[in-house]
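For the protein sequence lines, the chains are A and B, in the order given. Position one of the first sequence corresponds to residue 1 (the working numbering), numbered consecutively onward. Position one of the second sequence corresponds to residue 1001 (the working numbering), numbered consecutively onward.
Don't read these hints as lab results, they were simulated from the structure. Predicted model only: the values in this text are computed from it and were never measured. Where hints are given, some of them may not hold.
For each label pair, taking beta carbons as the anchor points, the in silico distance ranges come out as [claimed, not checked]:
hint	chain 1	residue 1	chain 2	residue 2	range
1	B	F1094	A	A201	33 to 41 angstroms
2	A	T19	B	E1164	38 to 46 angstroms
3	B	G1133	A	S166	45 to 53 angstroms
4	A	A99	B	A1127	45 to 53 angstroms
5	B	D1106	A	V27	34 to 42 angstroms
6	B	R1096	A	P23	22 to 30 angstroms
7	B	R1291	A	E169	31 to 39 angstroms
Backbone N, C-alpha and C fix where the C-beta goes; we use that ideal spot for every residue, glycine too.
2 protein chains.
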Amino acid sequence: MSTARYLEDSRQKVDRALTDLLPRETVHPARLLSAMRYSLFAGGKRIRPILVLAAAEASGGKVEEALSPACAVELVHTYSLIHDDLPAMDDDDFRRGRATCHKSFDEGTAILAGDALLTLAFEVLAAGGEGIGDNIRLQMVRELALAAGWRGMVGGQQVDMDSEGSKPELPVLEYIHTHKTGALIRCSVLLGGLCANADEATLKALGNYGEKVGLAFQVIDDILDVTATTEEMGKDQGSDAEKGKVTYPGLFGLEGARERAIKLVEDAKSVISGMDSTGRLAQIADFVLLRRL
Amino acid sequence: MSTARYLEDSRQKVDRALTDLLPRETVHPARLLSAMRYSLFAGGKRIRPILVLAAAEASGGKVEEALSPACAVELVHTYSLIHDDLPAMDDDDFRRGRATCHKSFDEGTAILAGDALLTLAFEVLAAGGEGIGDNIRLQMVRELALAAGWRGMVGGQQVDMDSEGSKPELPVLEYIHTHKTGALIRCSVLLGGLCANADEATLKALGNYGEKVGLAFQVIDDILDVTATTEEMGKDQGSDAEKGKVTYPGLFGLEGARERAIKLVEDAKSVISGMDSTGRLAQIADFVLLRRL
Chain A
1 MSTARYLEDS
11 RQKVDRALTD
21 LLPRETVHPA
31 RLLSAMRYSL
41 FAGGKRIRPI
51 LVLAAAEASG
61 GKVEEALSPA
71 CAVELVHTYS
81 LIHDDLPAMD
91 DDDFRRGRAT
101 CHKSFDEGTA
111 ILAGDALLTL
121 AFEVLAAGGE
131 GIGDNIRLQM
141 VRELALAAGW
151 RGMVGGQQVD
161 MDSEGSKPEL
171 PVLEYIHTHK
181 TGALIRCSVL
191 LGGLCANADE
201 ATLKALGNYG
211 EKVGLAFQVI
221 DDILDVTATT
231 EEMGKDQGSD
241 AEKGKVTYPG
251 LFGLEGARER
261 AIKLVEDAKS
271 VISGMDSTGR
281 LAQIADFVLL
291 RRL
Chain B
1001 MSTARYLEDS
1011 RQKVDRALTD
1021 LLPRETVHPA
1031 RLLSAMRYSL
1041 FAGGKRIRPI
1051 LVLAAAEASG
1061 GKVEEALSPA
1071 CAVELVHTYS
1081 LIHDDLPAMD
1091 DDDFRRGRAT
1101 CHKSFDEGTA
1111 ILAGDALLTL
1121 AFEVLAAGGE
1131 GIGDNIRLQM
1141 VRELALAAGW
1151 RGMVGGQQVD
1161 MDSEGSKPEL
1171 PVLEYIHTHK
1181 TGALIRCSVL
1191 LGGLCANADE
1201 ATLKALGNYG
1211 EKVGLAFQVI
1221 DDILDVTATT
1231 EEMGKDQGSD
1241 AEKGKVTYPG
1251 LFGLEGARER
1261 AIKLVEDAKS
1271 VISGMDSTGR
1281 LAQIADFVLL
1291 RRL
């Protein structure tokens, strides 16, 4: 199966599982559920949940048993986008070419929709699929909470806000990227391994791969923010630079940032070369890189 | 031990456990942790966590083993206050006589502090104390997610927002109160029973008690909003009415609302009369009522 076909098939599996999580018809709170659905089905590429599925398969697990953690990470990712887009944070009106949640609904509803998606992630993880042991499910709850909370993604977003307009420094930039984007991507790969009962050595390799892919992802995002057109990105071009944000191209130039992204993906592939039986993890790393360099 | 002494001792136990959850000195994300601490230690009465401890003791469990779920519900409660106070929601500048989180810090930080507290609640619950089985801990994660998410508290807050300025109707009011306030209070009592390995009948009685106390709590809050001075409440008096919110006194008058609160507390005490060996659950129900009627 080609990489493109694999990604598309996996995306559809994830979309079906996500669709089952939210009821279609509810009297209360109908507006909240509409807002949750609006953002959850906004055309995301589902890279994080696909990483969960791929890591589970690479570790000898079944895709079906990895669907709950896959949904959980996508719910957390979607909540983070909704809150990041708010006027009090990045103040973005468009995301993936559509009005952001608070523009399409209202700010209060967007805040609550994010809150509800985050909470649902833990519900889904704790409910889990059949075949996953209670101790593994608890470990997944802990890993997701660590990756999403103040030690992870939310911490990264805070420091990103705090550093706006200040002189860019590499340690701050690396803190932001490993936390804001990297932590959840690393967690996705780990959850895949965990739900497949991977051993310590495999989990360590997966975590290592996830860190590198996560960082590459963010470097490429920074590059795209400079080079891509508004139409391609679905949001205003160069908006990071306008906001005085610390970025990789800002620190190393476009060439330097590209070199770094290529190196990170090569390293990520090398880390899992011995265990990536399906070859999918390497393909996803390449896909991240080739989104547009 | 008198009720007052019991409540104060329990509050101190909860405060010590909460203090241990957040590090004092951290470089990143220092501002986020400050905001989390600011709201977490804003002088709350800790009713919800004390309900966890009391329900655990009433079910034959140990207070020490109930501290993790007690902290988890207080973290969720604090996050909900921060987000509810935001300009896009209730737009309150003061809470318990102090500037609200977004006033003392900024809106972006307040949103993230709420997000981080919610996430930390699940981390704490999944990490759990010693002596609680994995299946019980998972059940607690699920109960908290259900009570806090779109089926519970967040759903209630959404419908509360949606109904502002519209003609008050009893079914809507009851939906709002059982979800916005009631769900987390009921969950607190349930988590106490769960971590003490309470049997089905006990859990059912606890859930029933929690529902009634939760509803009484909200009816009294509505009454206080009309009758208490700004100084006593620490926020603007009559602010619910000004916002055109549906309230119990608005629907039934002050007398009718008082009658309802008294009846709910009597019913709550009667439901647990057979199992409340320490008598603390009945005392807490009375305390809720006597806050000021």
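Hints and how they fare:
no.: 1; hint: B:F1094 x A:A201: 33 to 41 angstroms; in the structure: violated, 55 angstroms
no.: 2; hint: A:T19 x B:E1164: 38 to 46 angstroms; in the structure: violated, 31 angstroms
no.: 3; hint: B:G1133 x A:S166: 45 to 53 angstroms; in the structure: holds, 48 angstroms
no.: 4; hint: A:A99 x B:A1127: 45 to 53 angstroms; in the structure: violated, 39 angstroms
no.: 5; hint: B:D1106 x A:V27: 34 to 42 angstroms; in the structure: holds, 36 angstroms
no.: 6; hint: B:R1096 x A:P23: 22 to 30 angstroms; in the structure: violated, 37 angstroms
no.: 7; hint: B:R1291 x A:E169: 31 to 39 angstroms; in the structure: violated, 51 angstroms
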